[in-house]
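**Q** Chains as they are written, first to last, in the working numbering: chain A, 1 to 372; chain B, 1001 to 1290.
Some hints here could point you the wrong way.
[Said to hold, decoys possible] Derived DEER-like restraints, expressed as beta-carbon distance ranges: (1) A:142 - B:1038: 53 to 63 Å; (2) B:1013 - A:343: 52 to 62 Å; (3) B:1183 - A:43: 30 to 40 Å; (4) A:134 - B:1035: 51 to 61 Å.
[As the list claims (entries may be wrong)] Here are some chain B residues pointing at chain A (derived, C-beta under 8 Å): (5) 1188; (6) 1191; (7) 1193.
Think of the hints as simulated: they come from the structure by calculation, not from any bench.
Positions of the beta carbon are idealized from the N, C-alpha and C atoms, including for glycine.
Spelled out from the first residue to the last, the chains are:
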Amino acid sequence: MTTTITMTPASISETAVTRPKLLIRNLHKHYGSYRALDDVSLDVRDGEFLALLGPSGSGKTTLLMTLAGFTRPDSGSILMDGQELVRTPPHRRNIGMVFQNYALFPHMTVGQNVAYPLKLRKMARPEISRLVAAALHMVQLGHVEERRIDALSGGQRQRVALARAMVFEPGMLLMDEPLSALDKKLREHMQIELRALHRRLGVTTIYVTHDQREALTMADRIAVINHGKVAQLDTPRMLYERPRSKFVADFIGESSFLPVDVSDGGASLYGVPLHLAEPVRAGHGPHFLVLRPEKVDLAAGPAAGLNVIEGALLDVVYQGDSVILQVRLPDGSTLAVRQPARQDLLAATPEPGQALRLALHPEDTVIVGDAA
Amino acid sequence: MTAVNTLELSRDTRRERVRLLLPSGPGFAVVLLLLILPVGWLFLLSLVDGAGHLSLVNYERLLQPLYIRTFISTLEISAIVTGACVLLGFPVAYLLSQLPPWLGSLGMIFVLIPFWTSVLVRTYAWLVLLQRRGLVNNLLLQIGLITEPLQLVYNMTGTIIGMTHVLLPFLILPLYSSMRAINGDYMRAAANCGAGPTKAFWGIFMPLCTPGLTSGVILVFVLCMGFYVTPSLLGGGKVSMWSMQIESNIALYSNWGAASALGVLLLVVTLLLLWGVRRLLGADRVYGDA
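Model the full assembly from the supplied sequences, consistent with the hints where possible.
**A** Now the structure itself:
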């Protein structure tokens, strides 16, 4: 993203509003004094790809395990298609799951693994072999049906696990960091593939990850989880452009934070009022201006209507695709500004030590509170 | 230059190989001296008659009804004891494997404490417990379950109780480690596929712990086949096992040839058994990982 293109996040059309598939209400789970789930409520739309994103220990895996039925919450409700699931044992929930380590049964072949859910449902043999073949074909693994699990590569195992989780047409698909064991290149390939598969099949999917880029790439919406709570539930674009708390702004993407004074829906930085696209929703505690490196521009001439921050250039770091300018601000803090590595911009780059003015578009001027 | 270098490098490789083999030398020597040679010698003895001529007379004797009966009762006792060990040991191993690791290890220590005690001590302890006026009979009389003391020792019952107790750790140990190695996600995945607890247990858990169970069963059964101390003390002469026939042939009749033939047969039967189980379950699964 470049700073020259103005974006209007408020007008980004949301995914078509459909009926909710899953209603999670007031889920609590404590382990001693540790709150793994702290009053979690969440609506998941039918056919949606929802990512649960959060740091380790945030409670995202606990939430997934609670949905699958492997963790019993202290209280709360899980409604899928209007049916209460919270007391249903896991084998009667009809929810497919792809485990982090895939959990493919080592004493069965690929075909037997995929057939297992169907056998348990007492389907006829010809029907089973038809569905198994179709499921393996779906993940492009029709040729490995007779193979043992230990003869498969990591990527193949991942696909077999997906085929096993999908073959019985579950009401919902859960995935617990399914790509974390794969190398970077394969992981990126699988992200695109899973996304395409989801588009094709339209099964409601809840996907746990701690990788923000993975969540941004794949999900229709992302629920950012922190300390057992949903910090923000939004589309990837809204999450990035309009974070509602310092935690979310910090967790997703790179940001610098400058303390601002907030009053009457407005905000001022170093005593200068800021131009804002929308009034600040003030909360308790200190507030900050979120500065993303790629949103800030060097102001050459007069910058009417833009927010201007004065600073001095400390250093210029060439990174191939972009250039990072390290800028010292009047209060002594430093700020990173990313510029595309275009020849015209490179030529205009000031020397270290020079004073410069940074411009920030009101649409990109985001104020967040410290509290989640 | 290259030639000189190659020669030295290959000499280094040879030296490393020798160094690797050297420490195991004494071990090999002991096995050769104390196992291979005596067993070979016994085998030769079994093929020689009393007059020192080559003959199969020692093996012909094994067809006598006494030996056939002993052989069958040895197999019987081994099968019963192995069965009892599985019935008692499986739930223990399962429980310990499902506990948190530290608690499981603590439980294993309790399983192993008797294992570290001398077999002789444990056998005499059972004598004290099971005799006519022993702890078990007194207790049963006092709570009124029985009116006459039960004959719990110097017979088959005492032998089976004692042997089961002595051999139980041999079943629990390999079974526990193979159950411990089963990732909990397999059971969760089974439930997720739609398997209730019973189906998940038989369809997933059992096949995955079978290698451990097989090793345990083989260990217990093979040890039973050659067990001497416990059956001879707790059997009170009423239980006749293969090992006791070997002993009496040597101690009573000094018939080394006959004793050797018995020993050789026991070895052959044991090896056949191992081979059979390996064939049945697939060679890699008996001693392989879970």
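**Q** Indicate, hint by hint, whether the structure satisfies it.
**A** Right, here's what the structure says about each hint:
1. A:142 - B:1038: 53 to 63 Å: holds (60 Å)
2. B:1013 - A:343: 52 to 62 Å: holds (58 Å)
3. B:1183 - A:43: 30 to 40 Å: Given range 30 to 40 Å: holds, Cβ gap about 33 Å.
4. A:134 - B:1035: 51 to 61 Å: holds (59 Å)
5. 1188: Holds - the Cβ of residue 1188 of chain B comes within 8 Å of chain A, reaching about 5 Å at its closest.
6. 1191: holds (4 Å)
7. 1193: Because about 4 Å separates residue 1193 of chain B from the closest Cβ in chain A, which is inside the 8 Å limit, the hint holds.
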